[in-house]
Amino acid sequence: MLVNLYVNNVLKKYHVQAGEFLLDTLRNDNYISVRRGCDSTSCGVCTVLIEGKPVPSCSVLTIRLEGKHITTVEGIQEEAEKLAHYFGLEGADQCGFCNPSMALTVYAMKNELKNPTLETIKAYLVGNLCRCTGYQAQHIAILHYLEDRS
Amino acid sequence: MEIKNYYVAKDLDDALQKFMLSSDNHLLGGGAWMKNSLRHIDTAIELSHLVSNDITETKEFIEIGAMCTLHDLSIHPAIIKYYDGILAQASKQIMGITVRNIATIGGTIAGKYAFSDLLTPLLAMNCQLMFYRQGIITLEEYLQSAIREKDILLKVLIKKSTAKGYFHKVAKTALDFSIVNVAVVKDNQNFSVCVGARPQIAAKAFKACELLNSSGVINQEIIEKAAKMAADELTFSSNFRGQAEYRKMVTETYIKRGLQEVITNAR
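Those sequence lines, one after another, are chains L and H.
FYI, our numbering numbers position 9 of the first sequence as 9, with every residue one higher than the one before it.
FYI, our numbering numbers position 157 of the second sequence as 157, with every residue one higher than the one before it.
Pulled out of the complex, with its shape left as it was, chain H reads as follows (with noise of 0.2 Å):
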């Protein structure tokens, strides 16, 4: 890949200006997937004096700094007691602990990368982004969007909830991107079933979520039905990790099993 130059932005202002100025300058996250997903950068902004790596707690949420690197998100207390850590989870299985040490959650938010591991929870939990410009949306909204204006992300806002909550990941390998990959969260009687790696961008499913919702009691059938309620809403395609057959059927098995999950362990 080429890299043509390389801007130390002197504010937000002066970041989003450049990054406005051409469709080939990109602003600098990690970095770990740039020579995988470009081949050619005009200017490459840096951001990394103006943009926080901290994760905070207000009284209502948890504040991820969109430079906060996978590991310390891994490893973090509050990431690890809300929603049951899912977060800290998918995090943890991502690449081995060099490629978590440089990769970003705004990078990974900013790529809505088909492949990623983090959008699922980061969706299921219904958690909100806090754009420089635009200000505050939820991710639903961002990821939905084929073309946003462009802006810089600031920080990923969490609401602190005792919601249940489960991922799993299926991957070949430790190493390896996800074939598919499923995240529910029950969070009092409202459900949120989400499913990445299709191998397309997180998507919730919607009617899935509705039925579940709409129950008043969650039994064995309810479950079964929902999850393959959700296969079928949803799109899968084959690459060479999976077919869509594979993908869609596992799908609704980990959806099963993360419903059974979410509900017996209720609180």
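Chain L extracted, bound-state conformation (with noise of 0.2 Å):
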């Protein structure tokens, strides 16, 4: 079946199995920053941007996607580059699998709330998991990078 997806405002043509997870279309296109975790809905690392909202990759079926937008962190390069700056000055950032991931999520956050506090950010990233750094360092590093309006 053929299912025309906006990937970062380039239209893709994919042909895909019914089952078929966007997961795995993105994956099998070079879009390697959606990440394979869990498989399973659970830890976000599949993150990616449909019509601006966060969603798990590996449980929407690429087939129901019939002319959505997505976005992978490639789509938000910018605000992705200045996140990891402040990740870089927290030492926020260590193996880095769940960052495509975080970056998207907080992305979303900044475009859906308005000055989040410590508390709302964390609730809003409860989704996703990061197994090295224990989340305070990325906190901190969300709130400058908030804060920065440049």
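Derived from the structure by calculation, the hints contain no laboratory data.
C-beta: ideal position from N, C-alpha, C; glycine also.
Label-pair ranges, simulated between beta-carbon atoms:
{"#": "1", "chain 1": "L", "residue 1": "Asn28", "chain 2": "H", "residue 2": "Arg39", "range": "20 to 28 Å"}
{"#": "2", "chain 1": "H", "residue 1": "Asp54", "chain 2": "L", "residue 2": "Phe97", "range": "33 to 41 Å"}
{"#": "3", "chain 1": "L", "residue 1": "Leu113", "chain 2": "H", "residue 2": "Asn239", "range": "30 to 38 Å"}
{"#": "4", "chain 1": "L", "residue 1": "His15", "chain 2": "H", "residue 2": "Ile137", "range": "41 to 49 Å"}
Only part of the chain H face toward chain L is listed, based on derived beta-carbon distances under 10 Å:
{"#": "5", "residue": "Asn5"}
{"#": "6", "residue": "Trp33"}
{"#": "7", "residue": "His71"}
{"#": "8", "residue": "Val99"}
Reconstruct the complex from the two isolated chains, following the hints.
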């Protein structure tokens, strides 16, 4: 079955099986920043934005997305680099496996919430697991990133 | 998991006919738990263009389209306003934002999930379900029926009320399913005490509700008696998240706290 998707604003045509998930479609097309983690909706590393909303790509059937806009971390490169800068300053970046999904979720949060508090940030990021950092440095980095109006 | 075919239904009649053709044909909700709950789907039936995802208010009811996501539910002003926002609270505590952006209220109800945090407050609020073929039935009736004829859930109806509400989820981590969850609603002098994730489907503690509803003045003694009665009348089981005994003990405690809260804060 043919599905037309706008991946990072570029029209892509994919021939997919009925049961193919977006994670597989994107990774097969070399969007390898979309990670495969638990593959069961729990860890958040496969997060992409569909129409600006963060979703777990491991659990969304590609066939259901005709005409939708999908954003991977490559699609928000400038913002991701800015966030990475603050992650670096706080030593919040270790293995880096969760960073693309974290960046996308933070980007979506920035667009959805006005002046989120630390508690709101923590609640928003509940679904994005990081097994290296213990989160504290990431939370501080995210606060600095949100304060940066440049 | 395997999905052989994907079918976009032309209308609700068409969807229902396809659904009834085989026990391996399934209606697609949000798909959040699909991988974990189904191994084989012959035909996955698309409904998202036929069933609403809106939340609207009429004079008497809040009407929630079955395709409404848990995130939309958790931030809607009407859901936050009525029953002290217990449905919004429950939604907000389910997994992370990514899952809440795909999981739907319709999928949660149709799945009758034993771990559900939504069914408990919905049951306590005495909500009604609007099905395509059967029309309107109560959630209580739906949950109690072991086998139901195949149908399509269109809307969830919640009566507008100034009732007080309480919801508490007991879980090991923010991402984990509940060990147990408790919802208490006080609508005038009518109490509704419900417990879910026991780990069985959400249920109402009828004897405890009867005691509370027949007692004129609710004092601490009645609260404690009702909480114990509820914990005794409901059944609890053990799994890797918690033992039956533990579930029963925390249930009694949180019902007590819930009753105290809805009585103390009563308008």
